[in-house]
Amino acid sequence: MSTATGGLDATSVAAVLKRVAERRPRVHCLTNTVAQNVTANMLLALGAVPSMASHPDEVAAVAAGAGAILINLGTINPEGERAIPKLVDVVRERDIPLVLDPVFVELSPLRMRLAQEILRLPGVTVRGNAAEMAALDDTMGQAQSVLRVTTGKIDQIEGSGQAYRIGHGHALMTKVTGLGCASSALVAACRTVEPDPALAAATALTAYGIAGEIAAARAAGPGSFAMHLIDALAGLDETALVARMG
Amino acid sequence: MSTATGGLDATSVAAVLKRVAERRPRVHCLTNTVAQNVTANMLLALGAVPSMASHPDEVAAVAAGAGAILINLGTINPEGERAIPKLVDVVRERDIPLVLDPVFVELSPLRMRLAQEILRLPGVTVRGNAAEMAALDDTMGQAQSVLRVTTGKIDQIEGSGQAYRIGHGHALMTKVTGLGCASSALVAACRTVEPDPALAAATALTAYGIAGEIAAARAAGPGSFAMHLIDALAGLDETALVARMG
Amino acid sequence: MSTATGGLDATSVAAVLKRVAERRPRVHCLTNTVAQNVTANMLLALGAVPSMASHPDEVAAVAAGAGAILINLGTINPEGERAIPKLVDVVRERDIPLVLDPVFVELSPLRMRLAQEILRLPGVTVRGNAAEMAALDDTMGQAQSVLRVTTGKIDQIEGSGQAYRIGHGHALMTKVTGLGCASSALVAACRTVEPDPALAAATALTAYGIAGEIAAARAAGPGSFAMHLIDALAGLDETALVARMG
Numbered sequence: 001m002s003t004a005t006g007g008l009d010a011t012s013v014a015a016v017l018k019r020v021a022e023r024r025p026r027v028h029c030l031t032n033t034v035a036q037n038v039t040a041n042m043l044l045a046l047g048a049v050p051s052m053a054s055h056p057d058e059v060a061a062v063a064a065g066a067g068a069i070l071i072n073l074g075t076i077n078p079e080g081e082r083a084i085p086k087l088v089d090v091v092r093e094r095d096i097p098l099v100l101d102p103v104f105v106e107l108s109p110l111r112m113r114l115a116q117e118i119l120r121l122p123g124v125t126v127r128g129n130a131a132e133m134a135a136l137d138d139t140m141g142q143a144q145s146v147l148r149v150t151t152g153k154i155d156q157i158e159g160s161g162q163a164y165r166i167g168h169g170h171a172l173m174t175k176v177t178g179l180g181c182a183s184s185a186l187v188a189a190c191r192t193v194e195p196d197p198a199l200a201a202a203t204a205l206t207a208y209g210i211a212g213e214i215a216a217a218r219a220a221g222p223g224s225f226a227m228h229l230i231d232a233l234a235g236l237d238e239t240a241l242v243a244r245m246g
Numbered sequence: 001m002s003t004a005t006g007g008l009d010a011t012s013v014a015a016v017l018k019r020v021a022e023r024r025p026r027v028h029c030l031t032n033t034v035a036q037n038v039t040a041n042m043l044l045a046l047g048a049v050p051s052m053a054s055h056p057d058e059v060a061a062v063a064a065g066a067g068a069i070l071i072n073l074g075t076i077n078p079e080g081e082r083a084i085p086k087l088v089d090v091v092r093e094r095d096i097p098l099v100l101d102p103v104f105v106e107l108s109p110l111r112m113r114l115a116q117e118i119l120r121l122p123g124v125t126v127r128g129n130a131a132e133m134a135a136l137d138d139t140m141g142q143a144q145s146v147l148r149v150t151t152g153k154i155d156q157i158e159g160s161g162q163a164y165r166i167g168h169g170h171a172l173m174t175k176v177t178g179l180g181c182a183s184s185a186l187v188a189a190c191r192t193v194e195p196d197p198a199l200a201a202a203t204a205l206t207a208y209g210i211a212g213e214i215a216a217a218r219a220a221g222p223g224s225f226a227m228h229l230i231d232a233l234a235g236l237d238e239t240a241l242v243a244r245m246g
Numbered sequence: 001m002s003t004a005t006g007g008l009d010a011t012s013v014a015a016v017l018k019r020v021a022e023r024r025p026r027v028h029c030l031t032n033t034v035a036q037n038v039t040a041n042m043l044l045a046l047g048a049v050p051s052m053a054s055h056p057d058e059v060a061a062v063a064a065g066a067g068a069i070l071i072n073l074g075t076i077n078p079e080g081e082r083a084i085p086k087l088v089d090v091v092r093e094r095d096i097p098l099v100l101d102p103v104f105v106e107l108s109p110l111r112m113r114l115a116q117e118i119l120r121l122p123g124v125t126v127r128g129n130a131a132e133m134a135a136l137d138d139t140m141g142q143a144q145s146v147l148r149v150t151t152g153k154i155d156q157i158e159g160s161g162q163a164y165r166i167g168h169g170h171a172l173m174t175k176v177t178g179l180g181c182a183s184s185a186l187v188a189a190c191r192t193v194e195p196d197p198a199l200a201a202a203t204a205l206t207a208y209g210i211a212g213e214i215a216a217a218r219a220a221g222p223g224s225f226a227m228h229l230i231d232a233l234a235g236l237d238e239t240a241l242v243a244r245m246g
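Residue numbers (our numbering), protein chains in the order written: chain Y, 1 to 246; chain B, 1 to 246; chain S, 1 to 246.
These aren't lab readings, by the way, just hints derived from the structure by calculation.
It is possible that part of the hints are untrue.
Identical chains share a label here; the pair holds if one copy fits it or two copies do between them.
[Said to hold, decoys possible] Okay, derived cross-link-like pairs now, DMTMM-like style, lysine to aspartate or glutamate, Cα gap no bigger than 25 Å in a straight line:
id	residue 1	residue 2
1	Lys175	Glu22
2	Lys175	Glu238
3	Lys153	Glu22
4	Lys18	Asp95
5	Lys153	Asp138
6	Lys175	Glu213
7	Lys86	Asp57
Fair warning: this is a prediction, and the values are worked out from it, not measured in the lab.
Bound-form chain Y, shown alone (with noise of 0.2 Å):
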């Protein structure tokens, strides 16, 4: 995989990932049960505290300490759906940053909702593949200062200031369930500690991808990857950036 950066550097990326790994930001979680376990996982192995309540009763109690909020609509669920409003409460009244993933909102008009409805609040990062993207192009276009983070082969950052195309990663990340769910945790993760959400983006799918490529070298197969994708993010530091990206 090669590598195509905006004015990303490896010692940039380092940095965030060192503040990360110090400050052992906690990231709120809602989202799908099939990527709950990985998601966990990745937010451990970068060095950040994941957090997953998501009964309406305790949601806002649980998250408003979170230094970043994840709301992902797979597998969303009747009390998922209550609990959206209480952590949009929650982030508009504590200024949390929200990343928003969502998960084949082309195929639910149910998922359309929830996602506008979260995308009336400022602010938000917005993780997802191409089709997802384009079936929430409008209802972005209306939001506030949001950040448009599209995955893929060249995942392409775009908000109102810094762009960045990241060119990390590797064809096994699509073979994996969850991979692309906990990307935006990591995201999250990376926005609790950089203040600039496109540099935080940036970074995270930096790290993400680079540890994929480093995973895929040692791997026999999905599942063997999955497995060293967690280890080499947890053990991804500044000379395997600079080994990487040049």
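Given chain Y, put chains B and S in place with the hints provided.
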């Protein structure tokens, strides 16, 4: 593990698997939260695409475009209970193949009632262990064109047409949670590209069992076995099938 | 990791583990969706059998035949909230050993209320980290015959009888999600075959900690550690216990 298949040859199995890999069918899974992750990863290893929406307000919309539907009764919750009639309607309206996995149906009157409701549909494939299949024997006897897939040391596939007995697999497959549940999803995936339900089931269980044998030879215990199983399933080709099926 | 056990020897630990492997007890787990999969796999590695029904309409029927019950409050949802009184009734009527894992109880008034409800039962084993146990200190002080199992660098087991301090384990155990939750299930599994709750807990945590030490020596990071931990627990025998416990 010795092989004992009735009329099944490696070329037929390879042909079905090739169609799955080429067409990348989506399998919609209403399945238990313990097995969701491993089920999704096994589907991806075979080349299929999982979707797992369960909210009663969106499950029909998401499942409508799938090539097959799996209903697994493990950890059924009130929301899943309400989703089942929606999926039954989709199956009926669109004639989508349905696989039922009646987890622990012998322990729960609720699951028995749900299984009976589902088995009013014609043409259902039921995949369970001996205890589950015994508990459902009367209900299946009254159902129309049901295919019975009883897995164990020898897997037995019985319906109106060709019957198969599959002797592949390894004892470690009983030491990892969710592997039985995942096998039902693989049966559904093969059914999307193979109109003969018995051949579809035989293909899925043969491929899975052989992948299990390959993985067992590499494993140091159930943890590494789970990983090697995904790798082996993703890497399975006709050469490996011929070598094991003779 | 050095060993610091009070009155625990390898032969006693091996004897309890052997009874679990021979009797294959079922442990019913009402547990969080993040940890369900790893919890089930750890139970299977020890030789126990997991069941995880949570629907209020079936949880009593499924749990009634279990050898022990675990209630873990992580990601509690409205359905789980309604399942808890049903499980409390089953415990009371059938005198089934109960283990409570009060995940993040210090962050959620809802979880505190549920923990207090559960601790009206006599003889509960509570397994938590230092923050969780501190938050529950008063409630446990009023409970009858509670066993306190506080895990951390040194695990402490305190009740009316013998107290134990366990110094096994590895720092990587804090870098994989759900491993604390899984330890509570292992405590429940050992309790099914050992009437002394303190010895049951000490056995489970010693076995788990030693498996963690063995796994850490083989691991390249938290991803491979999780896999090796399952393998090591499944392969643990008296020779390995003697070697590590001295």
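Hint check results:
1. Lys175 with Glu22: between (32 Å within a copy, 15 Å between copies)
2. Lys175 with Glu238: between (27 Å within a copy, 21 Å between copies)
3. Lys153 with Glu22: between (31 Å within a copy, 20 Å between copies)
4. Lys18 with Asp95: Result: close within a single copy only, 23 Å intra versus 51 Å inter.
5. Lys153 with Asp138: within (23 Å within a copy, 52 Å between copies)
6. Lys175 with Glu213: Classified as both: same-chain Cα gap 14 Å, cross-chain 22 Å, threshold 25 Å.
7. Lys86 with Asp57: both (9 Å within a copy, 20 Å between copies)
Violated hints: none; the structure is consistent with every hint.
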